[in-house]
Every structure is written in C-alpha cells, then in structure tokens.
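Note that the protein sequences, when read in sequence, are chains A and B. Once you know that position 66 of the first sequence is 66 in my numbering, the rest is easy, because the numbers rise by one and skip nothing. Once you know that position 217 of the second sequence is 217 in my numbering, the rest is easy, because the numbers rise by one and skip nothing.
Misleading hints may appear alongside valid ones.
Chain A residues, not near chain B, derived (Cβ > 12 Å throughout) [to be verified]:
1. Trp149
2. Gly154
3. Pro181
4. Pro194
5. Val205
Which chain B residues face chain A? A few, computed with CB under 10 Å, are given here [as the list claims (entries may be wrong)]:
6. Ile67
7. Ser68
8. Gly69
9. Gln82
10. Pro124
11. Pro343
Okay, the calculated beta carbon distance ranges per label pair [as the list claims (entries may be wrong)]:
12. A:Leu126 to B:Ser83: 25 to 33 Å
13. B:Ala108 to A:Val85: 51 to 59 Å
14. B:Ser135 to A:Ala269: 53 to 61 Å
15. A:Ala269 to B:Ser83: 35 to 43 Å
16. A:Ala269 to B:Pro88: 47 to 55 Å
Simulated from the structure, these hints should not be mistaken for lab results. For every residue, glycine included, the Cβ atom is placed at its ideal position computed from N, Cα and C.
The residues making up each chain are set out below.
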Amino acid sequence: MTTERPHGLMAHLPMLWPAGMLVLFFVVPFGIMLAVSFFHQVQGAFFEPAFELDNYGRFVSAFFGRALLFSLWISILSAAIVVAVAFPFTYFLTRLRRRAQVPILVFILAVLSLSEVIIGFSWSTLLSRNAGLSNVMVWLGMLPRPVAWTPSFGALLMGMCYLGFPYTVLIVYPAMSRLDPELPEASRMLGASPFRTFFTIVVPVLKTSLMGAVIMVFVFNLGAFLLPQVLGRPPHWTLSVHITDQAVFQSNIPFAAAMAIFLMLFSLAFIGLTLVLGASREAPR
Amino acid sequence: MSGLRIDHVGKSFGMFEALKDIDLDFPDGKFICLLGPSGCGKTTLLRVIAGLETPTRGRILLDGTDISGLPAHRRNLGMVFQSLALFPHLTVGENIAYGLRIRGADQATRRRKTEELLDLVRLPGTADRQISQLSGGQRQRVAIARALAIDPKLFLLDEPLSALDAKLRETMQVELKLLQKRLGISTIVVTHDQREALTMADIVVVMNHAEVQQVGSPLDIYRNPVNAFVADFIGSSNLLTGVVGGEDGVIIVDGLPVQTEAGRALVRGTKASISIRPEEVLVHPGTETGPNHLPAKVTFVRDLGASVEIMLECSGREILAVSSPRTRPAVDTGDAVTIELPPAACVVLAS
Numbered sequence: 001m002t003t004e005r006p007h008g009l010m011a012h013l014p015m016l017w018p019a020g021m022l023v024l025f026f027v028v029p030f031g032i033m034l035a036v037s038f039f040h041q042v043q044g045a046f047f048e049p050a051f052e053l054d055n056y057g058r059f060v061s062a063f064f065g066r067a068l069l070f071s072l073w074i075s076i077l078s079a080a081i082v083v084a085v086a087f088p089f090t091y092f093l094t095r096l097r098r099r100a101q102v103p104i105l106v107f108i109l110a111v112l113s114l115s116e117v118i119i120g121f122s123w124s125t126l127l128s129r130n131a132g133l134s135n136v137m138v139w140l141g142m143l144p145r146p147v148a149w150t151p152s153f154g155a156l157l158m159g160m161c162y163l164g165f166p167y168t169v170l171i172v173y174p175a176m177s178r179l180d181p182e183l184p185e186a187s188r189m190l191g192a193s194p195f196r197t198f199f200t201i202v203v204p205v206l207k208t209s210l211m212g213a214v215i216m217v218f219v220f221n222l223g224a225f226l227l228p229q230v231l232g233r234p235p236h237w238t239l240s241v242h243i244t245d246q247a248v249f250q251s252n253i254p255f256a257a258a259m260a261i262f263l264m265l266f267s268l269a270f271i272g273l274t275l276v277l278g279a280s281r282e283a284p285r
Numbered sequence: 001m002s003g004l005r006i007d008h009v010g011k012s013f014g015m016f017e018a019l020k021d022i023d024l025d026f027p028d029g030k031f032i033c034l035l036g037p038s039g040c041g042k043t044t045l046l047r048v049i050a051g052l053e054t055p056t057r058g059r060i061l062l063d064g065t066d067i068s069g070l071p072a073h074r075r076n077l078g079m080v081f082q083s084l085a086l087f088p089h090l091t092v093g094e095n096i097a098y099g100l101r102i103r104g105a106d107q108a109t110r111r112r113k114t115e116e117l118l119d120l121v122r123l124p125g126t127a128d129r130q131i132s133q134l135s136g137g138q139r140q141r142v143a144i145a146r147a148l149a150i151d152p153k154l155f156l157l158d159e160p161l162s163a164l165d166a167k168l169r170e171t172m173q174v175e176l177k178l179l180q181k182r183l184g185i186s187t188i189v190v191t192h193d194q195r196e197a198l199t200m201a202d203i204v205v206v207m208n209h210a211e212v213q214q215v216g217s218p219l220d221i222y223r224n225p226v227n228a229f230v231a232d233f234i235g236s237s238n239l240l241t242g243v244v245g246g247e248d249g250v251i252i253v254d255g256l257p258v259q260t261e262a263g264r265a266l267v268r269g270t271k272a273s274i275s276i277r278p279e280e281v282l283v284h285p286g287t288e289t290g291p292n293h294l295p296a297k298v299t300f301v302r303d304l305g306a307s308v309e310i311m312l313e314c315s316g317r318e319i320l321a322v323s324s325p326r327t328r329p330a331v332d333t334g335d336a337v338t339i340e341l342p343p344a345a346c347v348v349l350a351s
C-alpha cells in the first residue's frame, strides 16, 4: 500500500502549524538553553553572553559525576522493578472479566491524578517512625520498636516505583488486551506450563510495548526532582535535584543549563542503546 | 480400552449451560467432525477435551485413562486454533519445533523433525521464513505441522479452515482428510460447515443447543436424519408435516396419503413430518394422479448450470426440487405441476 505524497507549496501549507508550534515551544527554548549553557556566570549577579566551556568543565567532577551515575542507576533500577511488577500484573488484569477489570483500572487512573508532592509526602509519612507502617508492624508483633524507613535509598526507590506503576499499566494494557488469547493457549497445548508460556510467548510478543514502558519510566524518573528531596538524603539527590538547586537557589542558570544538556545526552544515549539492543534480536522482515 | 470416551460431560458458564450431558464414545483412529450452528457448544466440547476448559460435570477418558484432572500442557494433544495462533516472533521452523524445544529435544532432532513435518504438509524449505511472509494456506499448513510435531494422541482442530477462501478451503479439506488417513491419528474437527463435515468425517456429531442431536456416518446422517434440525442443517431438506394415517407407513399430508418406508412404527393419528431431499423430489409437468403425487405450483426456476433448482409451492409450504440439466422437467414459473415423493426417499421424523 502506498500513500500519495503531497506536492507543491499549497499542499504542504497545513504542515506549517504543527511545525511552527514545534519550533516555538521546543526548538527555541532548547536553543536558548543550549546558548545559555556556554554563557558566563557573573559572581553574585546574573549571567552575560559569552562562549566558554567552564560550565561543562565544572560538571566534570567527582561530585556531579556521581550524581549523574546515581540518577541513571536509580532510574534504570526503578524502571526495571516497575516493569517487572506491572507487566505480569497487567497480564492477569487483562485475563479477568471485563467487569472485574474496570474498578481496578479506575483505581489506577485515580492514582495518576495525585501529584508527585502528595505521593512524596504520603510515603514520607507512611515510612516514618512516628506515624508509619512500622507502628502497625509493632502492634502486630513483627517488630520490637518503630523504625524510620525514610529518608533512605529504599524509600526513594519505593516512591519512584509507585509513581511509575500506573503509567506502565496504562502503556502495556492496550497491547495486552489485544493479545490473541489463543497464542498462550497454543503454547500450553504444545506442552509449555503457564509460567513458561508467559516468558516464551507473552513477553516476546509484547516486547515493543514492554520496551516502551521501560524507556518511559526511566525518563520519567530521571526528571524527578521532588521525590529525592522528600524521601532521600543528599547523597540520593539526582541530577535533576542539582539542576533545580543551581537554577533556583544558586541562581547559576548557565551551569544548570549545562547539566540539563548533559542529562539529556545521557538519557538519549540510554534510549538509543535500548532500541539497538531490542532491534538486534528482532529478525528481519 | 482404546479411543476417546466423553463420559456425561456438562459445562456451565454461570447461568448459561454450554454443554448438557454429552456422552460419546469414539474408536481410535477416526476422523470426527463436531458439527453445529454457532453457539451450539461444539467449540466448548473441543476445549474441554483439550483441557482448556474444565467440565462442570463428567469425565474425559483417553484410552481408558481419566484425563479430566490433567492441565492442558500435560495432555499431549495437538490443537489447531481458529486464529491459527502462530507465534509471530518465531520463524516457521521455530514455530514447528516449539513443542519439541519445550520437551527438551536436542537441535539435531528438532531440525530433522521440522524438515519431516514441512515435507508432510508440502512446504519444504520454508523453515527460515517469517510467519508474516506466508499466505493464508501456508499458515494453515504450518499450524497443522506444529500441532503434529509433538506426536499427539489426539489431533484437535477448531474451525481450522474458516479463514481461507472457498476454493482453498475445499482443497485443504481433501488434503487434511488424506493426511489424517495416512497418519491414522484420531482427529476431531469443529466446524459449522456441513459440506466440510461430509467431506472429511468418518463420524459426524451434529450438535444444537448444547446437546448432541445425532451421531453417525456422513451418509447415514444425510439419508436418515433423526429430527427436523438435523434434516435441515445437513444439506437442504423439504419438510412436510402431516398425521400418521395407518400402521403401513402412510402419512396423510393435506388429505392426501403419502406412502413412506420408515414410518411403520408410528402410532395412528399422531403428528409426524416427512423429510425429503431436494434431489429426490420428482417434478412432473401438468396434473397427474398416482401414489405419493401432490399438486404444486412452480414459483421460480433457477438454472445454475450444473444443476437446476425448481422452487415450488405445495398448499402453502415451500418445496425445493433439484434436478440435473439433462433430467430437467419441462416446467416454467407459474406452471401447475405434480410432485412425486418416492417412498424410499421419505424419511419420517417424529415431532
């Protein structure tokens, strides 16, 4: 099947609107940020136009390097955990009757309506020593005394996973519910247990949406700048937190811009790597 | 005890009864067709045999062993699904070898077996192709090969040819039948197409409303349908309702006696129907009298080349007569004619 390509200036005219919007709201701000990242920061004042690599140079330090690595690490880890949990969850959800699915989907959508701030502070309370879940466990006799689970790495990871979970379910759900139920049945008739069927048939067939979910949760958590401050200690601050810190509290816009560009390059590299790895195992069509 | 026994199997989905007390016994090595309109429970019965549905009541016995408790993946039955359910991420060869891989067969065995099966379904040398590169008929063959790869004890097919166009479907019917004959494997096919059932089956099981209506050879079912549903569903059939006129097999239709051969056991005065196949109805031009002669009027003549269909009206009921072009009676639309119902062709159905 071929679609006819538009010819002439008039036929391309309708494209001007989306193209213009894209330039106005994406290319221009990005250009400004890119330019600012090379500007000179005047101590105790604003920045002035210049072309220097000082901002990038400053970033190449053990402190920010570690922050970058930590950001990538916790984003990858949370993406992996969320998808590992949400994928089977969604699979069983789609196997339920329609009427049983709806309330669960509504609940998941309701979680989406909560802001990151509310989620962050709720988890902070739930994991705290004074009012948290450990008090319930003491009451049940599972713990000798209440414990503070936050701030910690685990608490931050927990918060990020909680945030990413509903998105993952929503991304994977359409493809899962369209999955031909006869595919896993065929696998079972050929002797594969339900467990084996899930890994040899369901996961590979839905690989595209699976990878889409991994990338989305990864990018989503890479940009999280509130949760690390609420649920983590300063060593758990991601690069996004540092960018916010530089831009808002230190008023060092050029350095913040340089860090943002760095972060973007690294996440693009990661996404590219994921796609290449995914494509290499895909047989030629 | 060899063969498949379906022992008083029932299946309910909530309030809906999909199968009502199905009790069937199939000898080994037969080609069985479960035939019926959609929603009659035939697919549910197949899925119960496969282990994909758990029966609410009853047992399934294969070669004398109760397999009702075994999950589908432990039954070792080959199944071809309606959607074919070929794994899109695997090649043709990997699809066929999937069951062998699950069973831990080594690569050499898998390759040899795959080649054998591809030869069997007449698709040699396609092991490395992608499923998306195959035509509908080729996919069909791959699905059959995949199901046979595990040397199944039963070969189950759920409306396997429904996705193919009419011409290819008829070729595949013959091919499937020949394949089954060659392998001698017990085969159960679900279909709603009576032509398909008559082409392939050794035993036809006609189902309707979650119940078995009749079990028999295709010819037996065609010649001697037990009730109006079977008579109408298998081929086309003319039904004439009347009253039993005596103990000698005479049924009174519209005041005229029709002699039948099968009606001897009926009680005088009870209602009965005569079923007669269109190709058995004889049409005579003009008005004639004689035994088993009824007056009728031609409403339409359809000349189909290979056959001529004559639609008639006989005291308010529609009668269809089919004849070959050579024996075509000289009648036309609007003519008053006489139809003759040969006694041997009249099957009596109890109401």
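Okay, the hints, checked on the actual structure:
1. Trp149: Given that every Cβ of chain B is farther than 12 Å from that of A:Trp149, nearest at about 41 Å, it holds.
2. Gly154: Non-interface label on A:Gly154 holds, nearest chain B Cβ at 36 Å vs cutoff 12 Å.
3. Pro181: At roughly 9 Å from the nearest Cβ of chain B, A:Pro181 sits no farther out than 12 Å, so the non-interface label is violated.
4. Pro194: 8 Å, violated
5. Val205: 6 Å, violated
6. Ile67: 13 Å, violated
7. Ser68: 16 Å, violated
8. Gly69: 16 Å, violated
9. Gln82: 7 Å, holds
10. Pro124: 21 Å, violated
11. Pro343: 50 Å, violated
12. A:Leu126 to B:Ser83: 25 to 33 Å: 46 Å, violated
13. B:Ala108 to A:Val85: 51 to 59 Å: With Cβ atoms ~40 Å apart, the hint is violated.
14. B:Ser135 to A:Ala269: 53 to 61 Å: 42 Å, violated
15. A:Ala269 to B:Ser83: 35 to 43 Å: For A:Ala269 and B:Ser83 the Cβ distance comes to about 40 Å; the hint holds.
16. A:Ala269 to B:Pro88: 47 to 55 Å: 30 Å, violated
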